[in-house]
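Student: Given next are the chains, with one letter for each unit.
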Amino acid sequence: KQEVTQIPAALSVPEGENLVLNCSFTDSAIYNLQWFRQDPGKGLTSLLLIQSSQREQTSGRLNASLDKSSGRSTLYIAASQPGDSATYLCAVVDMDSSYKLIFGSGTRLLVRP
Amino acid sequence: EAGVVQSPRYKIIEKKQPVAFWCNPISGHNTLYWYRQNLGQGPELLIRYENEEAVDDSQLPKDRFSAERLKGVDSTLKIQPAELGDSAVYLCASSSGEAGVSDEQYFGPGTRLTVT
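In order, the protein sequence lines correspond to chains Z and V. Okay, so the first sequence: first residue is 11 according to this note's numbering, each after it adds one. Okay, so the second sequence: first residue is 8 according to this note's numbering, each after it adds one.
Some clues are possibly wrong.
[Unchecked claim] Taking lysine to aspartate or glutamate pairs in the DMTMM-like style, the calculated list, with each CA pair at most 20 angstroms apart, reads:
{"#": "1", "chain 1": "Z", "residue 1": "K78", "chain 2": "V", "residue 2": "D110"}
{"#": "2", "chain 1": "Z", "residue 1": "K11", "chain 2": "V", "residue 2": "D64"}
{"#": "3", "chain 1": "Z", "residue 1": "K11", "chain 2": "Z", "residue 2": "D94"}
{"#": "4", "chain 1": "Z", "residue 1": "K11", "chain 2": "V", "residue 2": "E51"}
[Said to hold, decoys possible] Among chain V residues calculated to face chain Z with C-beta under 10 angstroms, some are:
{"#": "5", "residue": "T38"}
{"#": "6", "residue": "F114"}
{"#": "7", "residue": "G117"}
If you're looking for bench data, these hints aren't it; they were derived computationally from the structure. Beta carbons are placed, not taken as given, at the ideal position from N, Cα and C, and that holds for glycine.
Please construct the entire structure, taking both the sequences and the accompanying hints into account.
Tutor: Below, the structure is given as structure tokens:
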């Protein structure tokens, strides 16, 4: 059974710092991995989608990498801003669950001004 | 392009009462998902529709939960009767169906349910 883990559970950094959020998954047979942002009381906003054949995706200050063989993904945020404060969730669609996103519990990020 | 729309945004009910949530997916999206998110956890899938057909409802507690997607567009998720443990955020998502299992899923704002 696929399990997704995100470490750390919470992170506090000063504004301007570059940071990395980690996501690991137990079964490397995945179709894709998606990173989401969730603001308090809000739904999920898709940030980046990495297909299983891809190694990374970039959008603005965000870069996500995928290493399927080791079951790991990282989300890199450059020059962090207070507006980046949110919970970041990663999720995979694996070949057993088919279509169903399996989520980690998220990393709660606070960027201090 | 309008995103996934859900209503109501918040609902407070007493246990044993019924409750219903409504979702309107992104126009043209054939696949619709209902997820439940407990506090401090990631969402978990309850049911997935391809057009009007429920193709994966293995995680739906069928004794009290039901869902429908008439005409393959809007969907309603119902709980009857509600229990204290049903307090959670109920999220609706949709995807186009064009890339199959590799589709990107787009989420609505969710309905926060509190059962007292």
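Student: All hints are to be evaluated individually against the structure, with a verdict given for each.
Tutor: Hint check:
1. K78(Z) with D110(V): Holds: K78(Z) and D110(V) sit about 18 angstroms apart, inside 20 angstroms.
2. K11(Z) with D64(V): Roughly 18 angstroms separates the two Cα atoms, so the pair holds.
3. K11(Z) with D94(Z): violated, 32 angstroms
4. K11(Z) with E51(V): Cα-Cα ~14 angstroms, so holds.
5. T38: Holds - the Cβ of T38(V) comes within 10 angstroms of chain Z, reaching about 7 angstroms at its closest.
6. F114: holds, 4 angstroms
7. G117: Given a least distance of 5 angstroms, the restraint on G117(V) holds.
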